[in-house]
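Fit chain B to the known structure of chain A by using the hints.
Take a look at the letters that make up each chain.
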Amino acid sequence: MAVNAKTLNESEFFYGHKACAGCGGSLAVRIALKVLGENAVAVLPAGCMSAVGFNYPQLCFGNNAIISTFAGTASMLTGVEAGLRAQGITDFHAVGFAGDGGTADIGLQALSGAIDRNDDILYICYDNEAYMNTGIQKSSLTPFGARTTTTPAGKNIHGNLRPKKNMFEIVAAHGIPYAATASVGYLNDFMRKVEKAKSIKGTKYIHILAPCPTGWGIQTDETVDVAKEVVDCGLWYLAEYENGAFTLNHHPKQFSDAAAYLKRQSRFKHLTDEDIDVIIRSRNEKWDFIHKNFQIG
Amino acid sequence: MKPYLRDHVPTSFADVPDVISYEAGYLVTKNAGWRNVRPVIDAQKCVGCLNCYLYCPDGVIRRSKTKVAVDYDFCKGCGICQRICKTGAIKMEAEK
Chain A
1 MAVNAKTLNE SEFFYGHKAC AGCGGSLAVR IALKVLGENA VAVLPAGCMS AVGFNYPQLC
61 FGNNAIISTF AGTASMLTGV EAGLRAQGIT DFHAVGFAGD GGTADIGLQA LSGAIDRNDD
121 ILYICYDNEA YMNTGIQKSS LTPFGARTTT TPAGKNIHGN LRPKKNMFEI VAAHGIPYAA
181 TASVGYLNDF MRKVEKAKSI KGTKYIHILA PCPTGWGIQT DETVDVAKEV VDCGLWYLAE
241 YENGAFTLNH HPKQFSDAAA YLKRQSRFKH LTDEDIDVII RSRNEKWDFI HKNFQIG
Chain B
1 MKPYLRDHVP TSFADVPDVI SYEAGYLVTK NAGWRNVRPV IDAQKCVGCL NCYLYCPDGV
61 IRRSKTKVAV DYDFCKGCGI CQRICKTGAI KMEAEK
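The listed protein sequences derive, respectively, from chains A and B.
Start counting the first sequence at 1; every next residue gets the next number (my numbering).
Start counting the second sequence at 1; every next residue gets the next number (my numbering).
Misleading hints may appear alongside valid ones.
What the hints assert, rightly or not - Below 27 Å or equal to it, Euclidean Cα-Cα: the simulated DSS-like pairs (lysine-lysine) are:
| id | chain 1 | residue 1 | chain 2 | residue 2 |
| --- | --- | --- | --- | --- |
| 1 | B | 86 | A | 263 |
| 2 | B | 30 | B | 91 |
| 3 | A | 263 | A | 198 |
| 4 | A | 286 | A | 6 |
| 5 | A | 6 | B | 91 |
| 6 | A | 228 | A | 286 |
| 7 | A | 196 | B | 2 |
| 8 | B | 30 | A | 164 |
| 9 | A | 196 | A | 228 |
| 10 | A | 253 | A | 292 |
| 11 | B | 65 | A | 6 |
| 12 | B | 67 | B | 2 |
| 13 | A | 165 | A | 269 |
| 14 | A | 269 | A | 228 |
| 15 | A | 228 | B | 67 |
| 16 | A | 228 | B | 91 |
| 17 | A | 164 | A | 292 |
| 18 | B | 96 | A | 6 |
| 19 | B | 30 | A | 18 |
| 20 | A | 292 | A | 165 |
| 21 | A | 18 | B | 91 |
| 22 | A | 18 | B | 96 |
| 23 | A | 228 | B | 45 |
| 24 | B | 2 | A | 18 |
| 25 | A | 263 | A | 286 |
| 26 | A | 155 | A | 198 |
| 27 | A | 155 | A | 228 |
| 28 | B | 96 | B | 30 |
| 29 | B | 86 | A | 6 |
| 30 | B | 45 | A | 6 |
| 31 | A | 269 | A | 164 |
| 32 | B | 2 | A | 198 |
| 33 | A | 253 | B | 86 |
| 34 | B | 65 | B | 2 |
| 35 | B | 86 | A | 228 |
Just so you know, these hints were derived from the structure itself, not from any lab.
With the rest of the complex left out, here is chain A:
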């Protein structure tokens, strides 16, 4: 049976951290560690979760945790896994938590190498859609139209000009044993995926969308609500890649209003009706692709 709130490990492994109130990323890290248990060895590159977890002498991880170079999350995971294995230790999980910038921009090469070697590691990308730790700069996972400090919204240019990089399918294209997308709005789905990843040998990748109240311009209590809505309106999807096939896990019967999702966040407030049309058109194209290429689970 899949793990749920009642059967989840009651111990906390990420506690007392200094993340902003309502942080989606810290929720993803906390839940993943609770599923993996105390023998998880966490690797965190530069980013929000290392900045809020390690403030000497404060160490907010109850399990082993280490900061890696920004580009080297996956390569340090490789080293952690190999080192523990060389010592004859078998009961552990090497898990990495990198942000969207640390995954899709800076750490992509190391991740690609680890998947190529098929090292026995779990890589979790908490995607808050910009470099939030350094003050909201655009990453390649920032969606079209979003206002960041490096893609400001003005009269001529309405925020980010480029669409979000398709990290999930890029990882899947390596022929990885297991990859999945998730959202902090659907934690039961996320917990099931982490549990599944735990039992698979080889490289595993989970991409979890984690709203950031500070960077997205939402209230601190809206994080989970927004993370649900982005799935319900079809701008994000919950899927898995396994044995060479894609499966869609959650199929909204009817999409909720995407414009309402966008307009409740101040990073999208400036969008015109035409901009929103562009977003909805690309969403529909994506879903046509999903219907053609994914098994609907």
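This is chain B only, laid out in the frame that chain A set:
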């Protein structure tokens, strides 16, 4: 192991470990001062669904005999628990 508050706060160079690692779960400061509002749980209305416990980014809601309880030392008052609660058992009250 759950990180917990320690009595000893390293203040001098002599306290700094000469290896690059440090003890896991070592907390020396609380987060209570961050919040303006605090969640208060109405035990009569709580049905023990544990959604607030699951969705708390800080993990400060724990299971207890009266269903759930909040660790006010580390709650930041974000209000996610109030919003996720289906029975309206959590109210955010202003800090005085």
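Okay, the hints, checked on the actual structure:
1. Restraint check for residue 86 of chain B and residue 263 of chain A: the C-alpha separation of about 25 Å stays at or below 27 Å, so the hint holds.
2. Of the pairs offered as hints, the one joining residue 30 of chain B and residue 91 of chain B holds, with about 22 Å between alpha carbons and a cut-off of 27 Å not exceeded.
3. Of the pairs offered as hints, the one joining residue 263 of chain A and residue 198 of chain A is violated, with about 38 Å between alpha carbons and a cut-off of 27 Å exceeded.
4. With a C-alpha separation of about 36 Å, the suggested pair residue 286 of chain A and residue 6 of chain A falls outside the 27 Å cut-off, and the hint is violated.
5. With a C-alpha separation of about 23 Å, the suggested pair residue 6 of chain A and residue 91 of chain B falls inside the 27 Å cut-off, and the hint holds.
6. Distance check on the hinted pair: residue 228 of chain A and residue 286 of chain A sit about 19 Å apart at the alpha-carbon level, within 27 Å; holds.
7. Between residue 196 of chain A and residue 2 of chain B, the direct Cα distance comes to roughly 24 Å. Compliance with the 27 Å bound is thereby established for this hinted pair.
8. Note on residue 30 of chain B and residue 164 of chain A: the hinted pairing is violated, with a Cα-Cα distance of about 37 Å set against a maximum of 27 Å.
9. Distance check on the hinted pair: residue 196 of chain A and residue 228 of chain A sit about 22 Å apart at the alpha-carbon level, within 27 Å; holds.
10. At most 27 Å may separate the alpha-carbon atoms for a hinted pair to count; residue 253 of chain A and residue 292 of chain A meet this at roughly 17 Å.
11. As the CA atoms of residue 65 of chain B and residue 6 of chain A are separated by approximately 14 Å, the hinted pair is consistent with the 27 Å bound.
12. Pair hint residue 67 of chain B plus residue 2 of chain B holds up; C-alpha atoms about 20 Å apart against a cutoff of 27 Å.
13. For the given pair, residue 165 of chain A sits about 22 Å from residue 269 of chain A by alpha-carbon distance, which is consistent with the 27 Å threshold.
14. As the CA atoms of residue 269 of chain A and residue 228 of chain A are separated by approximately 19 Å, the hinted pair is consistent with the 27 Å bound.
15. Proximity of residue 228 of chain A to residue 67 of chain B is assessed by CA-CA distance (about 26 Å); at most 27 Å being required, the pair is judged to hold.
16. Taking the CA atoms of residue 228 of chain A and residue 91 of chain B, the gap is near 22 Å; set against the 27 Å cutoff, the hint holds.
17. For the hint pairing residue 164 of chain A with residue 292 of chain A, the CA-to-CA distance comes to about 21 Å; that is within 27 Å, so the pair holds.
18. Note on residue 96 of chain B and residue 6 of chain A: the hinted pairing is violated, with a Cα-Cα distance of about 34 Å set against a maximum of 27 Å.
19. As the CA atoms of residue 30 of chain B and residue 18 of chain A are separated by approximately 10 Å, the hinted pair is consistent with the 27 Å bound.
20. Restraint check: the Cα-Cα separation between residue 292 of chain A and residue 165 of chain A comes to about 20 Å, which is no more than 27 Å; the hinted pair holds.
21. In summary, the hint linking residue 18 of chain A to residue 91 of chain B is supported, as the alpha carbons are separated by about 24 Å, within the 27 Å threshold.
22. For the hint pairing residue 18 of chain A with residue 96 of chain B, the CA-to-CA distance comes to about 23 Å; that is within 27 Å, so the pair holds.
23. Of the pairs offered as hints, the one joining residue 228 of chain A and residue 45 of chain B holds, with about 25 Å between alpha carbons and a cut-off of 27 Å not exceeded.
24. Of the pairs offered as hints, the one joining residue 2 of chain B and residue 18 of chain A holds, with about 16 Å between alpha carbons and a cut-off of 27 Å not exceeded.
25. Taken as a hint, the residue 263 of chain A and residue 286 of chain A pair is honoured in the structure, with Cα atoms around 21 Å apart against an allowance of 27 Å.
26. Between residue 155 of chain A and residue 198 of chain A the CA atoms are separated by roughly 49 Å; this puts the pair beyond 27 Å, and the hint is violated.
27. For the hint linking residue 155 of chain A to residue 228 of chain A, the alpha-carbon distance of about 31 Å lies beyond 27 Å, and the restraint is violated.
28. A hinted pair counts as satisfied when its Cα atoms are at most 27 Å apart, and residue 96 of chain B with residue 30 of chain B qualifies at roughly 18 Å.
29. At roughly 17 Å between alpha-carbon atoms, residue 86 of chain B and residue 6 of chain A fall within 27 Å of each other, so this suggested pair holds.
30. Using a Cα cut-off of 27 Å, the hinted pair residue 45 of chain B and residue 6 of chain A holds, with the two alpha carbons roughly 19 Å apart.
31. For the hint linking residue 269 of chain A to residue 164 of chain A, the alpha-carbon distance of about 18 Å falls within 27 Å, and the restraint holds.
32. Distance check on the hinted pair: residue 2 of chain B and residue 198 of chain A sit about 21 Å apart at the alpha-carbon level, within 27 Å; holds.
33. Restraint check: the Cα-Cα separation between residue 253 of chain A and residue 86 of chain B comes to about 23 Å, which is no more than 27 Å; the hinted pair holds.
34. For a cut-off of 27 Å, the pair hint linking residue 65 of chain B to residue 2 of chain B stands: about 19 Å separates their Cα positions.
35. For the suggested pair residue 86 of chain B and residue 228 of chain A, the alpha carbons sit about 15 Å apart, so the restraint of at most 27 Å is met.
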